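Number of protein chains: 2
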Amino acid sequence: MQYQDNFNPTISDEDVFGQIVKEKELIGYYNLASCDTSAYKEYASSVKQKNIVVMGIGGSTLGTYAIYKFLKHSKKLSKKLYFLETTDPIDIKSKIERIDLNDALFIVISKSGTTVETISIFKYINSLIKCDKHNTLVITESDSKLNAYAKANDIKSFDIPKNVGGRFSVFSAVGLVPLSIVGIDIDKILAGTKEVHDSFFAQGETYSRVVKKARFFVENKSCFNINVVFSYSSRLEGFNKWYIQLWGESLGKIDVDGTKQGLTPIGIIGPIDQHSFLQLIVEGRRDKTLSVIKVEHFDNNLVIPQIKLEGLEELDYLDNIEFSSLINKQADATIECINNLQDIPCDVMTIDSVSEKSIASLMYEYELLTSVCAKFMYIDAYNQPGVEAGKIILKQKLKTAK
Amino acid sequence: MQYQDNFNPTISDEDVFGQIVKEKELIGYYNLASCDTSAYKEYASSVKQKNIVVMGIGGSTLGTYAIYKFLKHSKKLSKKLYFLETTDPIDIKSKIERIDLNDALFIVISKSGTTVETISIFKYINSLIKCDKHNTLVITESDSKLNAYAKANDIKSFDIPKNVGGRFSVFSAVGLVPLSIVGIDIDKILAGTKEVHDSFFAQGETYSRVVKKARFFVENKSCFNINVVFSYSSRLEGFNKWYIQLWGESLGKIDVDGTKQGLTPIGIIGPIDQHSFLQLIVEGRRDKTLSVIKVEHFDNNLVIPQIKLEGLEELDYLDNIEFSSLINKQADATIECINNLQDIPCDVMTIDSVSEKSIASLMYEYELLTSVCAKFMYIDAYNQPGVEAGKIILKQKLKTAK
Chain A
708 MQYQDNFNPT
718 ISDEDVFGQI
728 VKEKELIGYY
738 NLASCDTSAY
748 KEYASSVKQK
758 NIVVMGIGGS
768 TLGTYAIYKF
778 LKHSKKLSKK
788 LYFLETTDPI
798 DIKSKIERID
808 LNDALFIVIS
818 KSGTTVETIS
828 IFKYINSLIK
838 CDKHNTLVIT
848 ESDSKLNAYA
858 KANDIKSFDI
868 PKNVGGRFSV
878 FSAVGLVPLS
888 IVGIDIDKIL
898 AGTKEVHDSF
908 FAQGETYSRV
918 VKKARFFVEN
928 KSCFNINVVF
938 SYSSRLEGFN
948 KWYIQLWGES
958 LGKIDVDGTK
968 QGLTPIGIIG
978 PIDQHSFLQL
988 IVEGRRDKTL
998 SVIKVEHFDN
1008 NLVIPQIKLE
1018 GLEELDYLDN
1028 IEFSSLINKQ
1038 ADATIECINN
1048 LQDIPCDVMT
1058 IDSVSEKSIA
1068 SLMYEYELLT
1078 SVCAKFMYID
1088 AYNQPGVEAG
1098 KIILKQKLKT
1108 AK
Chain B
708 MQYQDNFNPT
718 ISDEDVFGQI
728 VKEKELIGYY
738 NLASCDTSAY
748 KEYASSVKQK
758 NIVVMGIGGS
768 TLGTYAIYKF
778 LKHSKKLSKK
788 LYFLETTDPI
798 DIKSKIERID
808 LNDALFIVIS
818 KSGTTVETIS
828 IFKYINSLIK
838 CDKHNTLVIT
848 ESDSKLNAYA
858 KANDIKSFDI
868 PKNVGGRFSV
878 FSAVGLVPLS
888 IVGIDIDKIL
898 AGTKEVHDSF
908 FAQGETYSRV
918 VKKARFFVEN
928 KSCFNINVVF
938 SYSSRLEGFN
948 KWYIQLWGES
958 LGKIDVDGTK
968 QGLTPIGIIG
978 PIDQHSFLQL
988 IVEGRRDKTL
998 SVIKVEHFDN
1008 NLVIPQIKLE
1018 GLEELDYLDN
1028 IEFSSLINKQ
1038 ADATIECINN
1048 LQDIPCDVMT
1058 IDSVSEKSIA
1068 SLMYEYELLT
1078 SVCAKFMYID
1088 AYNQPGVEAG
1098 KIILKQKLKT
1108 AK
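Those protein sequences? They're chains A and B, same order as listed. Add 707 to a position in the first sequence, counting from 1, and you land on the number used in our numbering. Add 707 to a position in the second sequence, counting from 1, and you land on the number used in our numbering.
It does not matter which identical chain is meant; a pair holds if it fits inside one copy or across any two.
Subject to a maximum C-alpha distance of 16 Å in a straight line, what follows is the list of computed EDC-like cross-link-like pairs (lysine to aspartate or glutamate):
no.: 1; residue 1: K783; residue 2: E804
no.: 2; residue 1: K786; residue 2: D807
no.: 3; residue 1: K757; residue 2: D807
no.: 4; residue 1: K1036; residue 2: E1003
no.: 5; residue 1: K1102; residue 2: D1026
It is worth saying that the hints were derived from the structure and are not from the lab. From a predicted model like this one, the values you see are computed outputs, not experimental measurements.
Put together the whole structure using the sequences plus the hints.
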């Protein structure tokens, strides 16, 4: 038999790589991995206030929160970071009551410059304290209305590049400026992103891992339409939220065929949610992939003490085990249990430590993974046309409210 | 043509109701709606400590946290509630540092009495401060090892009835005792559950709503395998987490045919996640139902002030709008946008206010909904066999660790 075929149901790895390299000239986040931080650090070192209050929503806060939440108890930070994002009045009030507004820097972050929630909250803050160049910073696009406000009031501002989308903006001024102000080493953050960037674009280890994973997720999306990130550290709760936005908003799209695509992200915290969500994973419908994240070194020697509790001697085998060992053994037990089932796709990422570099590497790799998935799915990862209709309806409702 | 059929692909509403009525004799949570609270209140009024530290995980804390988080900023509470649940050492350490242990009551909650995480943390607390009858309370099953510990040390304990599962236990001592101690009116909570209970079992409005919803979810589960709860109040974040456990762990099961069933719960916070997850809902694959929760009265008059911000005059239409109005208009805009698409199943629950009764009614109705879904799916809502394998593996790993 002679035989030929052109079976190539999907794009090749090399094709995807070529597309990403080309896209890198247009889409700004790729190159944030090695951006110049001197202006950020200079500004940060000039900030005297102890309370740093970020006003923003979605991509303007989630990445910063992810890094801050991961690191804040492991670093000696000189200042506290607060996030005002929700329009829930009870939440706004209770959060503001805890902040000394006279010793606060207000950072207003909005890419468009006219985000309803952010400006509403900023107006409210203005009714409590005078916001001016001494206690206010703006991070926005250069030609936005918010920047016009900053200029009119001689308020310092940093730009969000036009070609960097909100959910991909954590390594721009959006994330780096607030983090630098509270004392996080943003050069170490960028060292993490650069390592991943270089490995990917040199088609090294990161490239192989990311492309393999993206291909698997996309090729099996009809069956496994849910991607669960199972983080074995409570400190990764912010990362989970950031991942959910990145994944959901980037990959929930109508593709070139007019088909509604979408991989649904779920983020859970291992040591808590293995008492909740794990049952569903183990015995529920096979519609989920699992990505477990472990932290190798917690740099914390908290130990279960050797204390006798009469009646509970059965649990004395716990004595002298470090909590960091317990949590990682919990992760290993879950992974082993999943692998024994042999029908749940599962990968395990172990990050080194609770450090700037570890979290930044993880996040940058997830950004790359998102971009590569989008290529395989023939969708645009960087827009969000689906939320515009709701915004227009809201504006109408608000304008006719009075 | 003469014609007959026995088409009845699924169980009838009346059959399900009959099964639930029968089950009510065996499964304890149904009758918690009208349990006697006098012993709980008596104990609560005797507590002198200001810091109430609950040690527990999953069903031992999620329901309590849901109610506490919903109410804590709207009630004048005399004490603070803390939850120690994760084994993450950084989390344990940072939480404990914030608590005055000398003015703390430690409540150890574990249905089995031998939950590894809970006892590990309790042992650690014992190394920091002497835990005895003056500052410790136990909530567990009557014949557990933890109760043996309590008896041996003359420590007060409350029972968790054998026939009340952890994730259905919020209206037992598990939830009511800690909530009563911090000053929440647990009789108002039970007034909420009782109203829903009575309406359901009299086959009133609640019954119709719950059975219709459960039937829809189950009959369409092949297509819509994800159920999103979209809560338009940040105060419902705890409710979302509780719902995720209740739904995931109850409905992720192997059914009588040996088929892996499971409806996947997702909980999102409206005013934040409409900047994140909404894109996926609108343009992503049609695999999700949506349940929007609104709060009618926030009992909070925080208003967007009439303040001019030069450059941002375009947003002056926001002036004088109350935040509670803004958040509800955001919800309405989202609902309208979803309904306009005409292909996303969506229901809207509007609860009255930020009150004990509102949150309790909502939670009890979700418990009923879960039970009814389980009947339609031919599964047991009350066990969790899928997590046992992991527990056994963990125990082996820990015992051989030394």
